[in-house]
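Protein sequences appear in the order of chains A and B.
Once you know that position 663 of the first sequence is 1698 in the working numbering, the rest is easy, because the numbers rise by one and skip nothing.
Once you know that position 237 of the second sequence is 439 in the working numbering, the rest is easy, because the numbers rise by one and skip nothing.
It is worth saying that the hints were derived from the structure and are not from the lab.
Please note that a few of the clues may not be correct.
Pairs of lysine to aspartate or glutamate residues, derived as EDC-like cross-links and limited to a Cα-Cα distance of at most 20 Å, are as follows [to be verified]:
(1) A/Lys1593 with A/Asp1552
(2) A/Lys1801 with B/Asp253
(3) B/Lys242 with A/Asp1215
(4) B/Lys242 with B/Asp253
(5) B/Lys242 with A/Asp1068
Facing chain B, according to a computed beta carbon distance under 8 Å, are these residues of chain A, among others [stated by the list, open to error]:
(6) Arg1319
(7) Ile1728
(8) Trp1803
Some chain A residues near chain B, calculated using beta-carbon distances under 8 Å [stated by the list, open to error]:
(9) Asp1208
(10) Ser1317
(11) Ala1736
Model, not experiment: these values are computed from the prediction.
The beta-carbon is built from N, C-alpha and C at its ideal position, and this holds for glycine as well.
Chain by chain, the residues:
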Amino acid sequence: MATTISKPATLVGKGIRRQEDPRLITGTAVYVDDIKMPGMHHAAIVRSPHAAARIAGINTEAALAHPGVVAVFTGADVKNLGAVPCASSLPGLRVPHHHLLAQDRVYYTGHPVAVVVATDRYVAADAASLVEVQYDPQPAVADPEKALAAGAPAVHPQWPDNTSFTFHQEGGDTGQAFRDAEIVVKQRITSQRLIPTSIETRGVVAEWRPGEKSLTMFTSTQIPHLVRTLVAGILGMPENHLRVITPEVGGGFGSKLNVYAEEALMCYIAKEIGKPVKWVESRRENFQATIHGRGHVDYYELAAKRDGTMLGLKLKLIQDLGAYHQLLTPAIPTLSVLMMPGLYKFKSISADIIGVFTNCVPTDAYRGAGRPEATHGIERMVDILAAELHMDPAEIRFKNFVGKDEFPYATTTGLFYDSGNYALPLQNAMAQVDYAGLRQEQATARAAGKLMGIGLSTYGEICAIGPSAAMPAGGWESATVKIEPSGKVTVMTGASPHGQGEETTFAQIVADELGVDIDDVMVVHGDTAVVQYGIGTFGSRGTAVGGAALFYALQELKAKIKKFGAMLLGSDNVSLVGGSCVDDATGKSVSFAEMAVAAYHAKTLPPNTQPGLVATYFWEPPNFTFPFGAHIVVTDVDRETGRISIRRYVAVDDCGKIINPLLVAGQVHGGVAQGLGQALWEEAVYDEQGQLITGELTDYALPKASFMPLIESSHTETPSPVNPLGVKGVGEAGTIGCSPAVVNSVVDALSPLGVRHIDMPLTPQKIWKLIVQSGGLS
Amino acid sequence: MIPQTFEYTAPQTLEEALGLIAGGDRKILAGGMSLIPLMKLRLATPGEVVDLGRVSGLNGISENGGVVSIGAMTTHHAIETSRVTRAHCPLLAETAGHIGDVQVRNVGTLGGAVAHADPAADYPAALLALEAQIKLISAQATRSVAASDFFLDAFTTALEPGEIVLEVEVPAEDQSEGYSYEKVPHPASGFAVVGIAARIKKDGNRIAMARIGVTGMGAHAFRALAAEKVLENGGSVADAAATVGDGETPNSDLYASADYRLHLARVHAARALATAISRAS
Ligand SMILES: Cc1cc2nc3c(=O)[nH]c(=O)nc-3n(C[C@H](O)[C@H](O)[C@H](O)COP(=O)(O)OP(=O)(O)OC[C@H]3O[C@@H](n4cnc5c(N)ncnc54)[C@H](O)[C@@H]3O)c2cc1C
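Input sequences plus hints: build the corresponding full structure.
As structure tokens, then:
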């Protein structure tokens, strides 16, 4: 037995390189489309070219006669299977029955109508074009406000008002706030429809094993366990006979936080044809048939005192739902309402949501999911108020922030903000850009006729989603830690990381807690036959909920190892130090491997102790966490062309305790890139007939690496009291903080021309038209 | 995103290739950067694809007696970086550098781009300003067509069935000339919303020659002849630029309406001309 032990280096807090990157960079990662099985068939989906039509008939003869085609399935085949589920429940919610394949009507372009199965992917695609569907086109409506107008075409004929639900939430006395107001500002603000565009599209491989009566489905998802439960429900099969495996996932951003018709369809088809079947979505299908994000038309009214004190906020929120409810479609705008107060001390809030059906693909969670919309609204409104009062936008924010000694802070929307120092990131960001100097520079630039803008946003978000009480089906997360007989450590997390890097951060946590080498830790996820039930990764919860579950599992395991250490050392007073157990009195120690062997060989056992070293913990979070931050964006607008250039992008984010700064930086950069995408370039545009005219990457302007400004990212670190790691979550922060800062900056640049609001995306054409209208070109 | 079934042939000689495309439902494949996306979207459904990739003698850049000859299969990257193009037709080299991204430039070819005649392609503006000749060959004959007679309409050229682009001949730019290619790339596709290629020759302070090619504006690229005249007659850059697009029906799409596109063309014409003038000696 060794007697000297060195204290291990602490890995938590260090910028450890991602364990998952080598396989991703070298092309050795396995995605759904890499999976090949003997006898595997291929499916191609026939989709509606119309946004609204009756189906008068489907002729599958020619397709069936095509060499290599083994089956064609239509709505009639799946009529009696379950529906694509919607997990959210709101009072009075109208839920259209969402069949796996269209029955007698189609409701959006891209609506699946038939599936062709063939021995070869190319044959399947050829034969799909041979399926003759007779459509009787009907009038469509693609704009949510038009859908609400009298006489609009009914998306679902049984609900002619196109309204799926209305939802009212009120906190405090807005009536009083608006009576007390010395100034009220109003603005219509939109958050346009966006296409999440993960680089890996969706894909499914399903295999039926008749002997075991079991189905294995490989699917690119963020929530393998929920998919298992819900797809088993659709198919009416026992959940424990369905195994869902999530191989590498090439991006989700919320679009794979869902259960899709194609997942259930492929399982059904694999069983029907008795052969494995693969379907991989094309980019066009991905644009047409995977959920979109955002889709808000918001009407805000903000009541304030002339000294800038904000009193009350009213919102009428029109949510474009699309034609169906996917898993969380109606719930997303309710998150916006929760987040409406932002970081400010509002005494009253009133919100009315109208959920509107349109002949478009459903909207659902997209990075930020409800919070970017809310943050965009409140941050624009604060700027509009500041402009109206001739106050500096920073000053008005400082005046209204929840104070750093007011936590936990109860909001008028019923939340308890956990911890924070909201002024600090803004102070840091202002110092970093020399805010006063910048304003002087701007004055000089304006005098010279230049359009220079400075925009801030101070955002808050709801993360670590979430306590189960606030969730449709559980908001906890699970972790199992196994110390193997050889002393290696296996972690099984119910969170299903798909690019966030928990294989690294979780290994860091394990290495620190157990004192083992990080390379001795393997993090396993995304296989329902291997990993205990879990909820998944979304809502910036992976580390804040899944990591906390891991932490608690580790504590249980440590207590058990210690018993074996004490037994081996023959002492009651032992401590775990690094990877060893040390006798406090003698300094003698036993190694991790020795304790592991003792636990598995079990020649003798400590009292009341089972052999083996495994601990599982299901952790229920007591609250959400509330990260925050400040972004400052400096822009220059070309007066002649309307082109915007970002001169500086400064982000000071507080995501609680940082486990790995490299990964946090990656999340901030990616989030900001998607925020910039919304602010400047991206918009899913449907025409009057409901055709998606931004239907390809040649039309839909996803930001490219070369479009990115330098992101000057730094942090303040306010630990969250909600979980033992002190972490808050960072996956969505960049997206949430970004868009209002950019728009505020450009509106600031154009304010000398009398511009007070611009809806996203801020395309050069839009800016140019504003400049022309204001006579600013001359 | 899966093309319809097609046959693939890779002839080794020009003769063989010309023989093949003389008949049938056949399409030439050069870099495939335009053809393959069209096939994947099933907007093009050729029965047979004839790959020019292995035909020798179609690739290369040389200068002879004041004319730069560029083989049809020469890549955008080669044109962007070749010492010959940089020295003798820097406008074309600069233009090539604006096409797509590195991957596209490494594979896409001049012949393919010219034959494809996308109304938003970059080369046509430069080839018009350079008064290039497009050399065409069929199993029967060769002929040479001026760039100004070659681009006829959107995706339509003077190519006859059975003919292919053999090479492009560019009269060498004078060393004293100034040039510039100004492009507004579409943020999604990277193609030109508008692209302006300008050449200027000075005689003292006077502009002795102006050549302006415009792409992205209409069904096909065109020369801004009126603007050239204004400059050659001693008019200002602003006055010249203000005539660009006169008489044209500008394209209109989600990103740029007709009026905005026209405005962009004029602003960027002025910028391209200013750069070209500053580079001329
Ligand atoms: C992502 C992306 C971005 C792009 N961005 C731009 C851009 O910014 N600007 C721009 O100008 N272009 C752009 N392109 C198009 C690119 O320049 C193509 O390379 C070019 O248009 C076609 O050249 P190719 O060699 O790839 O031809 P192919 O795609 O192989 O062929 C194109 C057409 O020309 C025909 N053809 C090919 N060679 C000949 C020949 N020698 N004689 C007769 N017919 C022939 C083919 O039959 C086909 O109809 C982009 C392409 C992509 C994929």
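So, going through the hints one by one against the coordinates:
The straight-line distance between the Cα atoms of lysine 1593 of chain A and aspartate 1552 of chain A is roughly 16 Å, inside the 20 Å bound, and the hint therefore holds. A C-alpha spacing of about 44 Å is found between lysine 1801 of chain A and aspartate 253 of chain B, which places the hinted pair above 20 Å, so the restraint is violated. Straight-line distance between C-alpha atoms of lysine 242 of chain B and aspartate 1215 of chain A comes to about 63 Å, which puts the hinted pair past the 20 Å bound. Between the alpha carbons of lysine 242 of chain B and aspartate 253 of chain B the distance comes to roughly 17 Å, so the proposed pair stays at or under 20 Å and holds.
Restraint check for lysine 242 of chain B and aspartate 1068 of chain A: the C-alpha separation of about 18 Å stays at or below 20 Å, so the hint holds. Taken as an interface hint, arginine 1319 of chain A checks out: its beta carbon lies about 7 Å from the nearest beta carbon of chain B, inside 8 Å. About 7 Å separates the beta-carbon of isoleucine 1728 of chain A from the nearest beta-carbon of chain B, less than 8 Å, and the hint is met. The interface hint given for tryptophan 1803 of chain A holds, since its Cβ lies 6 Å from the closest Cβ of chain B, which is under the 8 Å cut-off.
Hint status for aspartate 1208 of chain A: violated, given a least beta-carbon distance of 45 Å to chain B, over 8 Å. Taking 8 Å as the C-beta contact cut-off toward chain B, the hint placing serine 1317 of chain A at the interface holds, the least distance being around 4 Å. Using the Cβ-Cβ criterion of 8 Å, the hint placing alanine 1736 of chain A at the interface with chain B is satisfied: the shortest such distance is roughly 4 Å.
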